[in-house]
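2 protein chains.
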Amino acid sequence: MKNILLALVFLLSGSLVAQEWTPLCNGKNLKGWKKLNGNAEFKVKDGVITGTSKMNTPNTFLVTEKNYGDFILEFDYKVDEGLNSGVQFRSQSSKEYNNGKVYGYQFEIDGRWSGGVYDEERRRDWLYLLDKDPGAVKNGEWNRARIEAVGSSIRTWINGVACTNLWDDMTPEGFIALQVHSIGNNSKLNGKTVSWKDIRICTTNVAQYQTASTAPEINSVVNTISPTEAKDGWKLLWDGKTSEGWRGAKIDAFPKKGWVIENGLLKVQKGGGGESTNGGDIVTVKKYKNFILKVDFKITPGANSGVKYFVDPGLNRGEGSAIGCEFQILDDEKHPDARKGVKGNRTIGSLYDLIPATKSGKFNINKFHTATVIVKDNHVEHLLDGIKVVEYERNNQMWNALVAYSKYRDWPDFGNATEGYILLQDHGDEVWFKNIKIKEL
Amino acid sequence: MKNILLALVFLLSGSLVAQEWTPLCNGKNLKGWKKLNGNAEFKVKDGVITGTSKMNTPNTFLVTEKNYGDFILEFDYKVDEGLNSGVQFRSQSSKEYNNGKVYGYQFEIDGRWSGGVYDEERRRDWLYLLDKDPGAVKNGEWNRARIEAVGSSIRTWINGVACTNLWDDMTPEGFIALQVHSIGNNSKLNGKTVSWKDIRICTTNVAQYQTASTAPEINSVVNTISPTEAKDGWKLLWDGKTSEGWRGAKIDAFPKKGWVIENGLLKVQKGGGGESTNGGDIVTVKKYKNFILKVDFKITPGANSGVKYFVDPGLNRGEGSAIGCEFQILDDEKHPDARKGVKGNRTIGSLYDLIPATKSGKFNINKFHTATVIVKDNHVEHLLDGIKVVEYERNNQMWNALVAYSKYRDWPDFGNATEGYILLQDHGDEVWFKNIKIKEL
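For the protein sequence lines, the chains are D and R, in the order given.
To convert, note that position 346 of the first sequence is 346 in our numbering; the numbers rise steadily by one, no gaps.
To convert, note that position 155 of the second sequence is 155 in our numbering; the numbers rise steadily by one, no gaps.
Only chain D is shown next, with the shape it has when bound in the complex (with noise of 0.2 Å):
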């Protein structure tokens, strides 16, 4: 009896709370919607919009009338082979800004990139970029996409694989758009379709009906942990705004000159180029032993600089740098250490004059990459924009051989201490820092 009861309780529970979901489009025109930007054509019939391509028009969208802040989309997509498109969620378009071109979150639809999140006409880069193809998309098909959006939370799924999940607070709200990618003056693209069906959006009680699998988060909050970081350990290693928890490597408070905290960036000032002759190397004021640790940094031009750990700075109290193993960074093209060292030992995300790195992705020196050193006891990585390049085991014969051959001959034990302090180094080129996180382990 108890147990019938119970049941019904659910029943009517479940009943009372059934997620309400409303159309985006009535299948039979476009009333609610409005086309920006290009000339492509957008059509409804059978409750299906197809978008067709046209040469020589730029990006056209066909805009939703209404804004949408926190949100559940679904919608059925299919696009013809050769063809880019996008669906635009939280997006805005001014006169003022970029002469009315749409802007804001793209959920990509690109073959396997399908289901990225791409930040159109406004810091024009993947904020989430499947590096590694989720396996979701069915080429030719029917695709059927969802997008959660809800706070900083942006996380979607295409045939209910977990594509992306991006922690970013930019823009809390806007229209939903339907994208015809511009296909310049390529006539074989010509005439090409993408369509949408079954497009309906969810905004009561959205927290509650979120997907509980998920894809890895990528926080693009600048200088903040996520409380999907927070849960898992990580903490900022610089708040991005003072210099709490530095110091000079061979002072006991933070240089007074050479490094500048602006707009969530920690800058090495231009110097002469010389190792720590300007304001000098800042370590951490902590100790750290077994740990994650990922600095964001940009360089100029033929810049060195270096990210250390296990840096014990009473080791060296004279010139140059303080003694720690190095994740060199350089700008390889045009700074001539690159070519000095040993087979590469002095590039960037090398273990400096010990290991060289394989080399990864192209390096862009206009933008921000991210240094990864990965501590486990012995056990070593380093990974630059998430790709292995460098790994080794210390603290054994052969790590003691190779210490022995390179610049760290002379300095006891090089390496092998159990814990140390983790240093930025100031090479005397400028040099920009932000998103310094540890996790320990």
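No lab work stands behind these hints, which were simulated from the structure alone.
Hints should not be assumed to be uniformly reliable.
No more than 25 Å apart at the CA atoms, straight line, and that leaves these computed lysine-lysine pairs for DSS-like [claimed, not checked]:
(1) D:K340 to D:K376
(2) D:K340 to R:K343
(3) R:K407 to D:K407
(4) D:K343 to R:K340
(5) R:K286 to R:K376
(6) D:K54 to D:K270
(7) R:K231 to R:K376
(8) D:K101 to D:K34
(9) D:K434 to D:K359
(10) D:K407 to R:K340
(11) R:K340 to D:K340
(12) D:K235 to D:K439
(13) D:K28 to D:K192
(14) D:K407 to R:K343
(15) R:K192 to R:K35
(16) D:K340 to R:K407
(17) D:K343 to R:K343
(18) D:K334 to D:K359
(19) R:K287 to R:K231
(20) D:K231 to D:K241
(21) R:K407 to D:K343
(22) R:K66 to R:K43
We have chain D already, so just place chain R on it with the hints.
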């Protein structure tokens, strides 16, 4: 009924083959024994033979009048602190050899080293040294000793703990003798005693009563594989007599000069001290992948040589040694190369020019030493006289980074081959090799 019959047969057969023991002492006098060499005194009382140390007399032996070949011998012994003693077996004495001094196998009685086998007055060396204390001996108390000498197998136990397991064929039979060791003019040891009791020997059906539990075997029969070694997968890499299985590293045949085979030794003749300039290196005809390689070597003062593995004789067709990883053989004291290289990476036992050997025991230029190389895929170890002196992993970034700093920097993918030839180096110095054995893994 059948079971009862079987039990009866078992009981009867048991009694039929009961082990026959013969006491070696009648417990009253020394009938059947004679004294040789020294003047220390032996007395019998209440079944106990007691020897008393005496200053200024050589080793004194109480010797059985009978000779014994294959036997199991058991006795109790007890010795005063500080006194060294032993029990000879398969031993001899003749005026023609060493003026009648007793020589042959000795069951050592010397504190924790007891139970080892020493070759008294002959090869004058440990045949089986107990590097690791078996923990068998009770100091100052009666200890029960057991010697099993069956064919070439010589094994010992103290208080049931396996001590020696020697494979040796030098003397098939001889007397048994109790030793009171010389004490020179050390008055502190004067009058100290060593006692034996319950000495009994079994000489019939000996093989049947051999003990199962045993210590690890040492085979001291030169250039042979003992039955135990054969069962364990060991093979001779050199037959001790011919050049079979070997060729010049840069020629198809065995070198016509520079290498001599005589008296069970493979000898590199003295040349000008140059690398591969006389007879040249020799290599195995076969390749090896995963293995334990053992090579006994003896060098002349100032000599340089080496054992190489993962050798590719096709790589260096020009002057100098063939290319491979080298277990360095060197007179560290007199050869200048020991002080070249980096932090000792050219000393004996080192992985030449790459990883310095940790210093192990004393190196005696007048003796044979053993080089052991263990290869298990990418894991490699060097042992010098059984002690690990080098350990490394190849086929990884750190290995390649280390090679990049070394002499081998220009050889493609040095040391990363899956398999290769084994090489003995001619570095123009007189060097002897023997007992070259391999166990493929």
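Hint by hint, where does the structure go against what was stated? Just the numbers, ascending.
1 and 6
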